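S.K.: Sequence:
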Amino acid sequence: MKILKWIGVLIVACVVIIAGGIIYLTSKYPDAGPVPDIKIDATQARLERGEYLAKHVAVCIDCHSTRDWIYYAGPIVPGSEGQGGEVFNEDLGFPGTIPAKNITPAAIGNWSDGDVLHAITAGINKKNQALFPIMPYPNFAHMTEEDLYSVIAYIRTLKPVESTVPETSLNFPMNLIVRLIPQKVEIRKTPVDTTNTIEYGKYLMTVASCSECHTPQDHGKPLPGKTLAGGMEFKLPWGIVRSANITPDAETGIGIWTKEQFINKFKTFAGEQARQIPMKPPFNESHFNTIMPWLMYAGMTERDLGAIYEYLRTVEPVKNKIIKFSSEGVVISAK
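First residue of the sequence shown? That's 7 in my numbering, and the numbers climb one at a time after it.
Keep in mind that the hints were calculated from the coordinates and are not lab data. It cannot be assumed that every hint is accurate.
Stated by the list, open to error - When the alpha-carbon atoms are kept at most 30 Å apart in a straight line, the in silico BS3-like pairs for lysine-lysine are as follows:
(1) 273 to 232
(2) 330 to 208
(3) 273 to 327
(4) 327 to 232
All values reported here derive from a predicted model rather than from experimental measurement.
Take these sequences, add in the hints, and give me the full structure.
M.R.: Given below as structure tokens:
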């Protein structure tokens, strides 16, 4: 009887400790410092720069709009810009259901500029909720102050769209872990040196979050020695798509690509005609869809694409042959 009594005491003690830990965690975190007290002047230069970044580099508009997957690369449905709607869930390998939120003035019109900045860089929304880092705020935290202000100024100009977006629902224990991810951020006030091509390319790569898709991960952690080596899987309705190896490995990466070839690969998807490439089953070696937002990145300037190319030439080559696509027994290797 005494043993059973002590077992009961231990169980109660464990429950109390766990409950106390959860209460402490949920009351103290997320914590990334106070919301910045700022007011952004929406100059014409900022609006133009912000539109360029939001559409073609950080591609905020890509995730926070409705994409039409019956066409190649899922072009944005006109009129849905910023309304949210893309959902990342367990079918795609995520720990719960994470919908992209409405970022038009209809949803965040009552947010201060500081609230928006806090969400973009620290990953905490106006309700003091931690954002799951499919929203790549750890990368956006490296943006310059002027670029961040430009993006926020542009987002304010989006047409207000009323839309119903479900709440984020994360599985245990990620619903607790996510609270610990946001960190205090020191916004970079110095402008990026665009004359230093390699450093500028690295900056653009960070803002574009290229590594998030092109570096394979295990439970959210990048695999050692596989930086930008591709192979990250995306389980989609039409099959499994894997990201490309973009290291300068000559055999399995882009080591033999010239700068002109690299730039032209993106520019192939510029123009209205590229938005109308139908994608209907059956899928085969020359006919399968991709989540790579080619249509958005195609709007980058040749200078910026060239800077990214120059930076990629400096990363460690990794030999990693990629199976680009597989569905119902069909396997297509990278060429």
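S.K.: Look at each hint and say if it fits the structure.
M.R.: Going down the list of hints, with the structure as the test:
1. 273 to 232: Since the Cα atoms of residue 273 and residue 232 sit roughly 27 Å apart, the hinted pair holds (cutoff 30 Å).
2. 330 to 208: 25 Å, holds
3. 273 to 327: 25 Å, holds
4. 327 to 232: 12 Å, holds
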